[in-house]
Every structure is written in C-alpha cells, then in structure tokens.
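Build the full structure now, drawing on both the sequences and the hints.
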Amino acid sequence: MDWDRFEEEVGAFLRDELRVEERPGPQASLYRSGLLDSASLVQLAGFLEEWAGVSIPDRDVKIENFDTLHAMKQYLRSRLPSA
Amino acid sequence: MPVSLRERVELPKSHGGQGLDAARELAGLLRRQCETFPDCQPLTILDRQHDEHRLPLGALWQRAREVRSALGERGLRRGDMVAVILPTGFEIIATFFGVMLGGAVPGLIPPPSNRFADENIYAAHLTSILERFGTRFVIAEPAVAELLLATPALRALPCQVLQAAELRAAAGAFPIVERSPEEVVLVQYSSGSTGLPKGVLLQGGAVVNNVRATAARLALGAADVSVNWIPLYHDMGLIDALLMPLLCGLPTVLIPTLDFLRDPSLWLWAVHRYRGSLSFAPNFAFALCAARIADRHLEGLDLSSWRASVSASEPVLPETVDAFCERFAPYGFRRSALKPAWGLAESVCLLTGIGADEEPRSLRVDRDALAQQDLARPVQEDGVRLTSCGRPYANCQLEIRNAAGTVHGEGELGEVWARSDCLLLGYHGDPERTAAILQGGWLDTGDRGFLHEGHLYFVAREKDLIVIGGEKYAPQEIESVLNTVPGVRAGCAVAFGVMNRNRGTEDVAVVAETRLTGEDELQALREAIRTEVARHTGLGVRHVLLVPPGGVTKTTSGKLARGATEARYHEHWA
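First to last, the sequence lines map onto chains A and B. Taken in order, the first sequence gives residues 4 to 86; the numbers are from our numbering. Taken in order, the second sequence gives residues 1038 to 1611; the numbers are from our numbering.
Among the hints, a few may not be true.
Distance ranges between label pairs, derived from CB positions [unchecked claim]: (1) A/Gly56 x B/Ala1440: 56 to 64 Å; (2) A/Glu20 x B/Asp1394: 33 to 41 Å; (3) B/Arg1470 x A/Arg26: 43 to 51 Å; (4) B/His1087 x A/Arg62: 30 to 38 Å.
These aren't lab readings, by the way, just hints derived from the structure by calculation. Even glycine gets a Cβ: it sits at the ideal position worked out from N, Cα and C.
Quick look at the structure:
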C-alpha cells in the first residue's frame, strides 16, 4: 500500500475493471455524476479492502464514503489501526 | 479459519433425492429429510474471507424447532404473517423453517445493507409493508431490529420485533403444525406499482410441484452440487438455490450476495472448490464475470464440473451468453452448461428452460415485422437476435394471446399466459389484482413473447417495470422521489429502464421537466436527482435528461407515458 499511488491505482481499477473511461480528479463525484452504478461501488469497495488491507463492513459501503477519491482516502485512513 | 479455494473438496454425498417424487407438501417433506438423514451436511456457507461453515440437517432441524417453540411462547398462530430480515446464513434458513413448522407464513425481506438507502427511509418503507400485510412478527438482524424498535409508527402496530438470537426455547415445547398441500406456506414479496410490494401467496403443494419440474428439466441427480450467491429473498434464491437442493438432498453452497458483488470470482472459485454443477443467476452476473474479472484471478480455475448454470429473472442477452461461454471455455466451461430459463414469482419460480444436454439457442427475427406487425419472421442476418428461454416444463402450458384474448399461433407476438399446478393462490389482501391476473386457471404473466419450434422467446414486459440485476422495481417508486426534488416540475418526471448491453442488465433513466435553464443549475439538479433517488431507493440513475415544460409525453387523459417518452429521446441512451 503506497498512498502516493492511490489515485493512480484506483484510477487503473476504474478504467480496467469497471470500464470508467474518464479519469476522475480527487473531488470528482463518481456515483452522483452517474459514472458508477451501485453494483460498481460495491466492487470498488472490494478492491479498496484488498488494496488498503482493511475490512470494510457492508454498512459502510455507501455513497458518502466512496463518491470521490478524496472521500475514499479519508474513509480508508479512518479504518486503519491508529499508529 | 479461511480455506484455500484452490483446494478441491468433496462435500458429503447426498441422499439422492429420495422422497421428492412422492412428496406433496413442503414442510412435511423437509421434516422427513431432516429426521431421516440428520448427519447429512447439505449446507455450506462460504464468505469473502473464505471462511467456510457447514451445517448438518439434524442441527438445522433442532434449531428450526427451537424457533418454532420460541414463537409459540410468544403467541404465534396458524396463518400468521412473519417477516424475516436476515443475511444469508444458517439463521435465516432455520428461522424460515421454524416459522413454517408453527403453521405460519414466512416472507423474506432484504436487509438495508443490500441497498444504499437511508435507514430511516428503509424503516418507514418496511413499516408500511408490515402494516399492509398485517405482519405479526418480524425476526431481524440486530441493527434492523433496533432501527425498527426506534421507529414510532412501527411501535404502534400489533407486530412483535425480535432478534433471531432471542428465539431460544426447548425444541419440543410446541407441536409441529401439520399442513395440507393446499395451505399457504410462504409469501414472496414482488414489486408493485403502488410503491409497496405485492404479497404473492404460495401453497406448499405448488412449491413442491415447481421444484420437481425444474429438477426434472435439469435432470438433477445424486452427483449434483449447487453453488449460489443469489439472495434468498429473491424467488430464484429461495426456491432454486435453497429449497430445491435441500428437498432433492443435494449439497448446496451459499455465498452472501454482497461478497459476490465485491469479488465476483468467488462464485467461480466456489464452483471449482466444491466441484459445483448447478447455479441460478440473472444475466447481469454472467456479464459481470465475463467483463470484470482480471485473468490473474483465474489462474488454475477449473469449471468443468459446471453443467447447469441457469440464467433467468431478467432478459438473457445472446451477447452475454456468447461472452461468458467464450471467456470461460479455456477454464473448462461448456456452452451446454449455460441454461437460459424463464419464470416469475407468481408461478413459484421457473416455468421454462432447456434440457440437460441442450445448448442455448438464439434466433434472428426481422426487426420491423416484430415491431410493427407483431410477427417473429426469422432472418439469416441482421434483425433482432433473441435468446430462447427454453420449452415449457412438463407441468406448464403456455399460450400467446392478443389483447382480446385470442390465442396466437407460432411466431406471433403477444401476451404470455401460463397454466400450471404451481401458480400462486393470490395476492395477499388484494382480490381485485388477483382476479385481474388469474383467469380461468390461467396466469397473465405480464410478459410479451412468442413461441418458435416449441421454445419461448421473451420480447418485452407488458408492465412498466424496471429490472436491474434480476430485481424488479416499479418506476412509480422513483417518480415519487423525483417529484420531491426542488427544481423538478412535480408530476412531470418519468423513470424507466434502458438496456445496457455491456452490463447485461437495465440502467435507470430519468426524464424530468424543469424551468431551470443555467448549465450550473441544471448540473446541480442532475446531482440532486441522483442523490435523492439513491437515498430513497438505493438505485443509481445512469441517465438524467432535463427537459423544458412539455418535454415529458403524457396520454390524452394526462397520465405519464413512459414508453413514448423513452422512444422520444431514444438517441440519448442508444
């Protein structure tokens, strides 16, 4: 896990596995803008779980936590055990 | 402890379908299976952490009887409606049977975690369902039980909210209620145009008849192993993924639905590990697996044991069939293993399908003849390519009728009507709607299609329902949300489904009238629409088209014309 590569690696997952053609900026909305559907959001959560090595409970898989790259990063950091 | 999915295991051999032939009724048959084969381990649950849990029939039977007694102590009566809201696992199965053993009528409802809906909206929606169906007990996972208990409107209802863990009592304290095949044993909730679901009442005999017909068409035998992720609140989940293997005595592996959606390869690896042969899933799942699993996740996968992977509950696209078969052929998947089928909750579940040795077939028909003359005229090239849903089961007759009720011949498009010994008894508390769909022993399925060489080809739905990933949604559910979004002209917004052939399922499209004109305002409104629809229904809106007043087509009597509006802007979702 390398936070400096976060945008790049999530971007690659969105492009290669979820077929999102546009490359979103950190604050760009993925779900509210219609780029992702709810099934894709769940799949993205699966990817992030593996990427960050944290567990993401089903109840946390919601728009607030995954709509933008920035929100995802913040959420994942909150799930990491505190140093 | 997590298991290795690459490692092959043999699940304990089944007892080979004994009893199903002579059985007439669901609860009694299950009882006999559990009492005769208590050590058989037919149920395995596998989750995304690769944790594996197995349960012997004897333990399931013991737990079901505890639930029955605990509900008996709380005043459960024969015929009571009981809502069960639990995740895929042993408790939902034991609870479902425990309710049935008390002579009551269980109905499975999705937990909120399967959607992104706001919890309070979920609680309000659930409360209206419980009130409408006169539900006397809700058995829910802890978070949902707490949510419901904190909902004032629900506390006012004569309905007890219980957690599964509370249901502890001596297994034999209350008797098992004997049922006749004619008695209603379960209710399926199916999407209704009022925003509230319809309660499809099913008799024990009808359920057994449907299971027997599906098992016969697929030539199920003692060597079969069922592997599924489809949610149990879905008709195909409850009937074909759970009850059919249990009643036929086949091992069944269940994967929690969200775990499959997070990692679709889990389904394929479970087939590999357990040498799975039998599955049921909607078209989108085949498209998802074909398009969205990287090759590196498939190294060493062996799908050669899969012999009946049934695709039903949403249109089966020929390109999805081709894509799945081509993608997984190198891993041993045979084309004859993909089995398109068709059915509906009102007939318990499936009514048509192809045989054990048949490959999926498709037919090209002339586009204009189909659209303008209701004729399916086969052509060699171009045209519309449709997948056959197979032939009617032995216990099912189909008729294609026109609006006046005249029966059509082969190749003529019309309304699909079905007669069978597995039709619903009726909709709970709704005699008018029951009379509208059940006429002279025939069921109006609400689908349009035609017969060709004995095979049913589905063409479209009569009713404006949106089907996403095999789950049905009424457009009115979405439209009632649109009407509350500031900026949308109330009563002038429509929602409908448009097929996304890449995803293999429908997307939601919305056309809404607005007086706003500035691009920033319009963009903000599009986002507000997506946010509110997701909050209320859990659905993502793919296409939002904002139009000036008059842009939504209405009928002469002022009703929303969804189909005409969809066609008017077809280039936006082509």
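These are the hints, each one checked on the structure:
no.: 1; hint: A/Gly56 x B/Ala1440: 56 to 64 Å; in the structure: holds, 60 Å
no.: 2; hint: A/Glu20 x B/Asp1394: 33 to 41 Å; in the structure: holds, 35 Å
no.: 3; hint: B/Arg1470 x A/Arg26: 43 to 51 Å; in the structure: holds, 49 Å
no.: 4; hint: B/His1087 x A/Arg62: 30 to 38 Å; in the structure: violated, 22 Å
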